[in-house]
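Since chain Y is already given, all that's left is putting chain L on it; use the hints.
2 protein chains.
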Amino acid sequence: MARRSHNSADRAMPKPVTVSVDAMGGDAGPAPIVAGMAWSAAKNPDISFIVFGNSETLEKLVSKRSVLAGRCEVRHAAGVVTMDTKPSQAMRNGKGTSMWEAIDAVKSGDAQVCVSCGNTGALMAMSMLRLRKIPGINRPAIACLWPSRNPGGFNVMLDAGADIRADAEDLLQYALMGSSYARVGLGLETPRVGLLNVGTEEHKGRAELKLAHDMIADASKSAPFEFIGYVEGGDLPSDRVDVIVTDGFTGNVALKTGEGTAKLISELLKQAFNYSALSRFAALLALPSLKRLRKRIDPRRVNGGVFLGLNGSVIKSHGSADETGVSAAIKLAFELGQVDFPARVAARVASLSSPVQGDGPDTGQAYGTSK
Amino acid sequence: MARRSHNSADRAMPKPVTVSVDAMGGDAGPAPIVAGMAWSAAKNPDISFIVFGNSETLEKLVSKRSVLAGRCEVRHAAGVVTMDTKPSQAMRNGKGTSMWEAIDAVKSGDAQVCVSCGNTGALMAMSMLRLRKIPGINRPAIACLWPSRNPGGFNVMLDAGADIRADAEDLLQYALMGSSYARVGLGLETPRVGLLNVGTEEHKGRAELKLAHDMIADASKSAPFEFIGYVEGGDLPSDRVDVIVTDGFTGNVALKTGEGTAKLISELLKQAFNYSALSRFAALLALPSLKRLRKRIDPRRVNGGVFLGLNGSVIKSHGSADETGVSAAIKLAFELGQVDFPARVAARVASLSSPVQGDGPDTGQAYGTSK
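Line by line, the protein sequences are chains Y and L.
Residue 302 in the UniProt record's numbering sits at position 302 of the first sequence, with consecutive numbering throughout.
Residue 293 in the UniProt record's numbering sits at position 293 of the second sequence, with consecutive numbering throughout.
So that you can see chain Y by itself, here it is in the shape it has in the complex:
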């Protein structure tokens, strides 16, 4: 279908992107983060880095990776935001931490996108403080990719946990921001948007969802997305929707439930194949098949929650991400950096007050001049 095809123009001429990296946020310290940077650098000549953290440690790690030579600036940051740091503490005392400085590199224009494996709440609070919300946006959101039956292999879900509540107006903004992200992240011209609810009949659900339903339906008339109405939890991996909109509480529970279910099944599969000598032999033969499956649902391949609604791009990588996961987040950062993503989202949100016929900067026609 033409309307859901890739915007090949978006990919035509890659431009250089500098990614600022908070190297101190991950569970396993800076080593897997620098390894992920090196991996990305080897695959993509148009990417360079500014990395923040303990400069002595980082210089050592970076100097071991020849592929990073001349493409990775180390900047010292003494402080570290821990996983226990409350968002309010992070905002008051965060200056000088690797997280704060990595965000500030986007604010100053030294980098186009920031990647951190750190504490989500602190990262969002600091990002809001330093980058500020796009005019017209009430609550920023975190968008994540969800393995699906669609040809591209993924759907977008938001909010994955930036805020614990959302009113109808917020959900409408999530629909706009999420479809902008699907155009860039999934290459879809006219993403299909669904609103997460407990039943597909229109008489079910909470009052704010009914209001949001009507507001999104209205907006879809003048915006480049198709609104398919309510969807249910079972539709998150479905091929009848591309962007699933929900509040951050529900979205976070859904995300962790999906990850938890996948993990349980993978453990049980291992147990099942470890049951007898025959089943262990079968597992050996089945290994390529199991690897194909794993590759398809590997959470490391879809690593990276994108913060939407800020004047700058920030990507939250899993705290436990290894080099594959970090590299996936950096790849996403590169794609967002290609198109000046925050400007697209801002234009889309602004278009709500003065609707235009799908020719705003996020349809892939005007972005080249939008910066």
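Everything labelled a hint here was simulated from the structure, so no lab data went into it.
Any given hint could turn out to be false.
[Claimed, not checked] A partial selection of chain Y residues facing chain L, derived with a Cβ cut-off under 8 Å:
hint	residue
1	Arg149
2	Arg206
3	Arg296
Note that beta-carbon positions come from the ideal geometry of N, C-alpha and C, so glycine has one too.
Leaving out everything else, chain L in the frame of chain Y:
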């Protein structure tokens, strides 16, 4: 651990249980429902049925199953509640439908438990109308079993979708009712209860959750369950909790997300094994292992959402349940029928106003005389 051991006394002397069955509610009509009844009857001599629906159709189906002879009364009900029926319509016009009459058989005492594969909203609305809420209960809930890493293989989650909201008082009642259900359904003396939230730190989450947290912690001091505090979506299958408490909106999204994820993985697993001649051969050898896995997470094995908080036991089976699924729901009905489950829940809720030291009827000591 002794405190989590099975109440073997509960299983000592089975007493006869009559299950009233709404035969017209399922997606595939009455045939798989009668087949499931026959399956259960063959496995359990202490079970008998009253089945409601088109008597001509049902007499034919029942007469073909010799195991049901003398153990299954057919009662004619002309009306059928369809999947599109709104709960309000069902309450106004439901009299004479197979669903209404099946519920009424529990009200009249002809049966101890009702099983229906029909429309959840209509079934809950009618059940509330006919059986009434237990004194002190504000919102009834639907409890479901969730495949888990616990020795018994399952956790309890509620509310799976009876209502779309719940305040702190409701969540406390869910904790009490859910732990009563875990004692009967999972045979645990002191179930561990967790409150679903987006973070395990106590500073996160919605205001009503903080209040519920404190209320449940207080109640756990005098009730036979252990409160472990907040849990996240990833803990639904975990072995550090037995009962997960949440509102019906979040619970329903989580349930359908979990089912949807399991279904996606199972499809991808099939694709992976269908990739080449070698992988198809491997699949053949792996078949017993895959069957073991399937048995472990097969939703048909955990079929049956139990309605909690009513003066009578009602079980909602999946609309698409086949005979295995229907039989699983009937097995659950038999277990609830063994212990006069609603009386246990009522005693537990009543004990909140006058706390007792874990010796109420739902600890498995007094149920024999409670009816």
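Structure-based check of all given hints:
Interface hint status for arginine 149 of chain Y: upheld, as the beta-carbon distance to the closest one in chain L is roughly 7 Å, under 8 Å. Below 8 Å, beta-carbon pairs count as interface contacts, and arginine 206 of chain Y has one with chain L at about 6 Å; its hint therefore holds. The interface hint given for arginine 296 of chain Y holds, since its Cβ lies 5 Å from the closest Cβ of chain L, which is under the 8 Å cut-off.
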